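Peer 1: In order, the protein sequences belong to chains R and Y. Using the numbering used here, you'd call the opening residue of the first sequence number 21 and step up by one each time. Using the numbering used here, you'd call the opening residue of the second sequence number 87 and step up by one each time.
Keep in mind that the hints were calculated from the coordinates and are not lab data. These figures come from a predicted structure and were not determined experimentally. Some clues are possibly wrong.
Simulated coverage check for chain Y against chain R, where a stretch passes if three residues somewhere in it have a Cβ under 8 Å from a Cβ of chain R [what the hints assert, rightly or not]:
{"#": "1", "region": "157 to 168"}
{"#": "2", "region": "211 to 221"}
Think about it this way: if two alpha-carbon atoms lie no more than 25 Å apart in a straight line, the pair counts; the simulated SDA-like pairs of lysine to any residue are [as the list claims (entries may be wrong)]:
{"#": "3", "chain 1": "R", "residue 1": "Lys98", "chain 2": "Y", "residue 2": "Gly100"}
{"#": "4", "chain 1": "R", "residue 1": "Lys98", "chain 2": "R", "residue 2": "Phe110"}
{"#": "5", "chain 1": "Y", "residue 1": "Lys195", "chain 2": "R", "residue 2": "His40"}
{"#": "6", "chain 1": "Y", "residue 1": "Lys245", "chain 2": "Y", "residue 2": "Gly120"}
{"#": "7", "chain 1": "Y", "residue 1": "Lys195", "chain 2": "Y", "residue 2": "Val235"}
{"#": "8", "chain 1": "R", "residue 1": "Lys98", "chain 2": "Y", "residue 2": "Met117"}
{"#": "9", "chain 1": "R", "residue 1": "Lys97", "chain 2": "Y", "residue 2": "Tyr196"}
{"#": "10", "chain 1": "R", "residue 1": "Lys97", "chain 2": "Y", "residue 2": "Thr149"}
{"#": "11", "chain 1": "R", "residue 1": "Lys97", "chain 2": "R", "residue 2": "Ala60"}
{"#": "12", "chain 1": "Y", "residue 1": "Lys245", "chain 2": "R", "residue 2": "Ile37"}
{"#": "13", "chain 1": "Y", "residue 1": "Lys195", "chain 2": "R", "residue 2": "Val109"}
{"#": "14", "chain 1": "R", "residue 1": "Lys97", "chain 2": "Y", "residue 2": "Ala237"}
{"#": "15", "chain 1": "Y", "residue 1": "Lys195", "chain 2": "R", "residue 2": "Phe48"}
{"#": "16", "chain 1": "Y", "residue 1": "Lys195", "chain 2": "Y", "residue 2": "Thr149"}
{"#": "17", "chain 1": "R", "residue 1": "Lys97", "chain 2": "Y", "residue 2": "Thr141"}
{"#": "18", "chain 1": "R", "residue 1": "Lys98", "chain 2": "Y", "residue 2": "Thr149"}
{"#": "19", "chain 1": "Y", "residue 1": "Lys248", "chain 2": "Y", "residue 2": "Thr149"}
{"#": "20", "chain 1": "R", "residue 1": "Lys98", "chain 2": "Y", "residue 2": "Lys248"}
{"#": "21", "chain 1": "R", "residue 1": "Lys97", "chain 2": "Y", "residue 2": "Ile179"}
{"#": "22", "chain 1": "Y", "residue 1": "Lys195", "chain 2": "Y", "residue 2": "Ser125"}
{"#": "23", "chain 1": "R", "residue 1": "Lys97", "chain 2": "R", "residue 2": "Ala116"}
{"#": "24", "chain 1": "Y", "residue 1": "Lys195", "chain 2": "R", "residue 2": "Ala60"}
{"#": "25", "chain 1": "Y", "residue 1": "Lys195", "chain 2": "Y", "residue 2": "Gly120"}
{"#": "26", "chain 1": "R", "residue 1": "Lys97", "chain 2": "Y", "residue 2": "Asn103"}
{"#": "27", "chain 1": "R", "residue 1": "Lys97", "chain 2": "Y", "residue 2": "Lys195"}
{"#": "28", "chain 1": "Y", "residue 1": "Lys195", "chain 2": "Y", "residue 2": "Thr141"}
{"#": "29", "chain 1": "Y", "residue 1": "Lys248", "chain 2": "Y", "residue 2": "Ala237"}
{"#": "30", "chain 1": "R", "residue 1": "Lys98", "chain 2": "Y", "residue 2": "Ile106"}
{"#": "31", "chain 1": "R", "residue 1": "Lys98", "chain 2": "Y", "residue 2": "Leu95"}
{"#": "32", "chain 1": "R", "residue 1": "Lys98", "chain 2": "Y", "residue 2": "Pro90"}
{"#": "33", "chain 1": "R", "residue 1": "Lys98", "chain 2": "Y", "residue 2": "Val154"}
{"#": "34", "chain 1": "Y", "residue 1": "Lys195", "chain 2": "R", "residue 2": "Ile57"}
{"#": "35", "chain 1": "Y", "residue 1": "Lys248", "chain 2": "R", "residue 2": "Ile37"}
{"#": "36", "chain 1": "R", "residue 1": "Lys97", "chain 2": "Y", "residue 2": "Arg96"}
{"#": "37", "chain 1": "R", "residue 1": "Lys98", "chain 2": "Y", "residue 2": "Ala237"}
Here a beta-carbon is modelled for each residue, glycine too, at the ideal position from N, C-alpha and C.
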Amino acid sequence: MTSDHATDMTSDHAVDIDRHVRVYITVFVALMVLTIITVAVSRFHLPVPIAVTVALIVAIVKGSLVACYFMHLISEKKLIYAVLALTAVFFAALLALPIFTYSDGYWIR
Amino acid sequence: MDIPYTVELRRDTGLTNGKIGIWLFLASEVMLFGALFASYILIRTGAPSWPRGDTLLDVPLATLNTIVLIASSVTMVMAWASLMRRRFGTFRIYMGGTILLGLVFLVVKYFEYSHHLHLGELPSTNNFLAIYFTLTGLHGLHVFGGMVVNAYFWGPGAKLWKTNPVWFTNRVEHSGLFWHFVDLVWIFLFPTLYLL
Numbered sequence: 021m022t023s024d025h026a027t028d029m030t031s032d033h034a035v036d037i038d039r040h041v042r043v044y045i046t047v048f049v050a051l052m053v054l055t056i057i058t059v060a061v062s063r064f065h066l067p068v069p070i071a072v073t074v075a076l077i078v079a080i081v082k083g084s085l086v087a088c089y090f091m092h093l094i095s096e097k098k099l100i101y102a103v104l105a106l107t108a109v110f111f112a113a114l115l116a117l118p119i120f121t122y123s124d125g126y127w128i129r
Numbered sequence: 087m088d089i090p091y092t093v094e095l096r097r098d099t100g101l102t103n104g105k106i107g108i109w110l111f112l113a114s115e116v117m118l119f120g121a122l123f124a125s126y127i128l129i130r131t132g133a134p135s136w137p138r139g140d141t142l143l144d145v146p147l148a149t150l151n152t153i154v155l156i157a158s159s160v161t162m163v164m165a166w167a168s169l170m171r172r173r174f175g176t177f178r179i180y181m182g183g184t185i186l187l188g189l190v191f192l193v194v195k196y197f198e199y200s201h202h203l204h205l206g207e208l209p210s211t212n213n214f215l216a217i218y219f220t221l222t223g224l225h226g227l228h229v230f231g232g233m234v235v236n237a238y239f240w241g242p243g244a245k246l247w248k249t250n251p252v253w254f255t256n257r258v259e260h261s262g263l264f265w266h267f268v269d270l271v272w273i274f275l276f277p278t279l280y281l282l
């Protein structure tokens, strides 16, 4: 669903929207199930590295569902993907900064 | 002078200017929260010991808030879909639901904060509470900001529907993108702060 839809609200698009509404409901159910899984897994008190890995995987799946279907990223224009790709690079660099501390600043001296 | 490309697509980008604008803004928001997440990792890995979130925070309330925020994302996208189907009355119901769910989220957060303050657990108490209040406080401000914009489109801003329904639909879509982003941030905040 791209911005093309917003420029044309004909009956064909209404049928298209009906199909998408069914997807929204499915995604909602999936997000609820994944939320329950997140909380349930935390009750096992797994070792921190495993707990972090599981929590991150579930959060990434949930985040992807929101981004792809609610934010319509699954069918967006190339320019939006380019903006997000650039953002992802800088975001990854930002999260990688703490790793440098393990080498006592060796990488940034 | 009219604002260009609010309804028609730019030939070079294939998008309206509003769509590009909101995505660039969200990119800056990713960096803002990214910086705070990086700070969290730095502080946590540098600490000799770190408490599990569920020993200090209320997991059932946070789980309720997760469900509330996800539900609000659904009502938000349904509000937009209602406009696409030219059902303005249904849009009002879903948008009203989104605003109410946002309010529920903030009220639950208020109870959580009050409990901590009552126990004397302040941001200055320790690093865990400092990063907890910073991240959830900033997120809460975003929820409030989204509610203000949504309330505008539910109320006075809805006049645009009568004169230019396509532009109004686009505006609601952009507002929705921000709202979903706020939901997305919470999806990562919840396990990070409360469960690990």
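Peer 1: Now tell me, hint by hint, if it's right for this structure.
Peer 2: Outcome of the hint check:
Only when three residues or more bring their CB closer than 8 Å to a CB of chain R does the claim for the region 157 to 168 of chain Y stand; here the count is 7, and the claim holds. With 0 residues carrying a beta carbon less than 8 Å from a beta carbon of chain R, the region 211 to 221 of chain Y misses the three-residue requirement, and the given coverage is violated. A distance of roughly 9 Å separates the Cα atoms of lysine 98(R) and glycine 100(Y); the hinted pair therefore holds under the 25 Å criterion. For the hint linking lysine 98(R) to phenylalanine 110(R), the alpha-carbon distance of about 19 Å falls within 25 Å, and the restraint holds.
Taking the CA atoms of lysine 195(Y) and histidine 40(R), the gap is about 32 Å. The hint is violated against a cut of 25 Å. A threshold of 25 Å between alpha carbons decides the hint, and for lysine 245(Y) with glycine 120(Y) the separation of about 37 Å lies outside it, so the pair is violated. The suggested pairing of lysine 195(Y) with valine 235(Y) holds, with an alpha-carbon distance near 20 Å, which does not exceed 25 Å. As the CA atoms of lysine 98(R) and methionine 117(Y) are separated by approximately 21 Å, the hinted pair is consistent with the 25 Å bound.
A threshold of 25 Å between alpha carbons decides the hint, and for lysine 97(R) with tyrosine 196(Y) the separation of about 39 Å lies outside it, so the pair is violated. For the given pair, lysine 97(R) sits about 34 Å from threonine 149(Y) by alpha-carbon distance, which is inconsistent with the 25 Å threshold. For a cut-off of 25 Å, the pair hint linking lysine 97(R) to alanine 60(R) is broken: about 38 Å separates their Cα positions. Pair hint lysine 245(Y) plus isoleucine 37(R) holds up; C-alpha atoms about 24 Å apart against a cutoff of 25 Å.
This hinted pair does not check out: lysine 195(Y) and valine 109(R) have alpha carbons roughly 33 Å apart, beyond 25 Å. A distance of roughly 29 Å separates the Cα atoms of lysine 97(R) and alanine 237(Y); the hinted pair therefore is violated under the 25 Å criterion. Using a Cα cut-off of 25 Å, the hinted pair lysine 195(Y) and phenylalanine 48(R) holds, with the two alpha carbons roughly 22 Å apart. Taking the CA atoms of lysine 195(Y) and threonine 149(Y), the gap is near 12 Å; set against the 25 Å cutoff, the hint holds.
For a cut-off of 25 Å, the pair hint linking lysine 97(R) to threonine 141(Y) is broken: about 45 Å separates their Cα positions. Using a Cα cut-off of 25 Å, the hinted pair lysine 98(R) and threonine 149(Y) is violated, with the two alpha carbons roughly 36 Å apart. Distance restraint check for lysine 248(Y) and threonine 149(Y): the Cα-Cα separation of roughly 40 Å exceeds the 25 Å cut-off, and the hinted pair is therefore not satisfied. As the CA atoms of lysine 98(R) and lysine 248(Y) are separated by approximately 32 Å, the hinted pair breaks the 25 Å bound.
Pair hint lysine 97(R) plus isoleucine 179(Y) does not hold up; C-alpha atoms about 30 Å apart against a cutoff of 25 Å. For the hint linking lysine 195(Y) to serine 125(Y), the alpha-carbon distance of about 22 Å falls within 25 Å, and the restraint holds. Distance restraint check for lysine 97(R) and alanine 116(R): the Cα-Cα separation of roughly 29 Å exceeds the 25 Å cut-off, and the hinted pair is therefore not satisfied. The hinted pair formed by lysine 195(Y) and alanine 60(R) meets the criterion: a straight-line CA distance of about 22 Å does not exceed 25 Å.
In summary, the hint linking lysine 195(Y) to glycine 120(Y) is supported, as the alpha carbons are separated by about 22 Å, within the 25 Å threshold. Restraint check: the Cα-Cα separation between lysine 97(R) and asparagine 103(Y) comes to about 13 Å, which is no more than 25 Å; the hinted pair holds. Proposed proximity of lysine 97(R) and lysine 195(Y) is contradicted: the alpha carbons are some 37 Å apart, above 25 Å. At most 25 Å may separate the alpha-carbon atoms for a hinted pair to count; lysine 195(Y) and threonine 141(Y) meet this at roughly 17 Å.
Taking the CA atoms of lysine 248(Y) and alanine 237(Y), the gap is about 18 Å. The hint holds against a cut of 25 Å. Taken as a hint, the lysine 98(R) and isoleucine 106(Y) pair is honoured in the structure, with Cα atoms around 11 Å apart against an allowance of 25 Å. Between lysine 98(R) and leucine 95(Y) the CA atoms are separated by roughly 14 Å; this keeps the pair inside 25 Å, and the hint holds. At roughly 21 Å between alpha-carbon atoms, lysine 98(R) and proline 90(Y) fall within 25 Å of each other, so this suggested pair holds.
Among the hinted pairs, lysine 98(R) with valine 154(Y) is inconsistent with the structure: their alpha-carbon atoms are about 32 Å apart, more than 25 Å. Note on lysine 195(Y) and isoleucine 57(R): the hinted pairing holds, with a Cα-Cα distance of about 23 Å set against a maximum of 25 Å. Proximity of lysine 248(Y) to isoleucine 37(R) is assessed by CA-CA distance (about 21 Å); at most 25 Å being required, the pair is judged to hold. With a C-alpha separation of about 12 Å, the suggested pair lysine 97(R) and arginine 96(Y) falls inside the 25 Å cut-off, and the hint holds.
Among the hinted pairs, lysine 98(R) with alanine 237(Y) is inconsistent with the structure: their alpha-carbon atoms are about 32 Å apart, more than 25 Å.
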